[in-house]
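Taken in sequence, the protein lines are chains L and S. Going by our numbering, the residue at position 65 of the first sequence is 65; the numbering climbs one at a time, nothing skipped. Going by our numbering, the residue at position 48 of the second sequence is 48; the numbering climbs one at a time, nothing skipped.
Think of the hints as simulated: they come from the structure by calculation, not from any bench. Do not take every clue at face value.
As the list claims (entries may be wrong) - Result set (BS3-like, lysine-lysine): computed pairs, CA atoms no more than 30 Å apart in a straight line:
#1 Lys167/L <-> Lys153/L
#2 Lys167/L <-> Lys183/L
#3 Lys167/L <-> Lys20/S
#4 Lys20/S <-> Lys153/L
This structure is a prediction, so every number in the text was calculated from the model and none was measured.
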Amino acid sequence: MQSGVSSELEQLIEFRQGTAESREAAFEALFRQHQRAVYGWILRMVRNPAAAEDLTIQTFWRIYQAHARFDPERGFEPWARRIATHAALDWLRARRPEIGVSADFFADLAARAGTNPAITAEIRARTALAFARLRPVLRIAAILVVVEERPHKEVAEALGITVTAVKLRVFRALRLLRKDLQKQGITP
Amino acid sequence: MNGNEQGSGVRDQGAESLEKLLRAAVPRIDDDAELAHDLWPAMLRRLDERSAAVPWFDWVLMGGLAAVVVAFPAAIPMLLYYL
């Protein structure tokens, strides 16, 4: 384990300071090691596997370009998560809310209708759409904290804001979601 | 329990039921959500596109050089000498 950690640190230093050739080798090793984690993180935010793949490539491309600004002591994953979160935010901002939620997502909702009999598939679909109408910065905070149950600190680091700001965004997201649902006659 | 605590309890309950509804509407992604395939080949293509692209300042330099050659043809031998 220790040698694994030190070899990753060596890769990170090589990526930051190495020659063009050794940097590319270190980048490939880092890519292979972290692509699944980065993809999983992005998928949680965008909920679209094809887009998550494209954004994973884009994230690593941004990482490659920004190698000079990378601090190996602070670790690769938090840095990658931060870049990935901003790439996902850009993607979500560029799309209309109803497109951000794929058709497969709604098909899956209908299929999961038996999970909680008190909440019908229609209410789930309307809630999902109301949630998709929220501003991406609020949506991402709520999805990571409430749905994915990630620690506030991790979400704050990924968004580049304070823990208090994350809590505030989640609070605002839930308040706006409640208002939207109440307009539709749904009282959670 | 005082009034404030009671109020906060009601609010918490409301927030909890909304969170529950949100979790039911937006499914959690499994921790073992797997990539369908290795993305390294696609990453390599992106890196290759980068090496094939000519940076904008190279185009500016070439344009400037062409302008000098057209405006001052007599400067061509001097340019060749310095190349």
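Evaluated hints:
no.	hint	result
1	Lys167/L <-> Lys153/L	10 Å, holds
2	Lys167/L <-> Lys183/L	25 Å, holds
3	Lys167/L <-> Lys20/S	17 Å, holds
4	Lys20/S <-> Lys153/L	22 Å, holds
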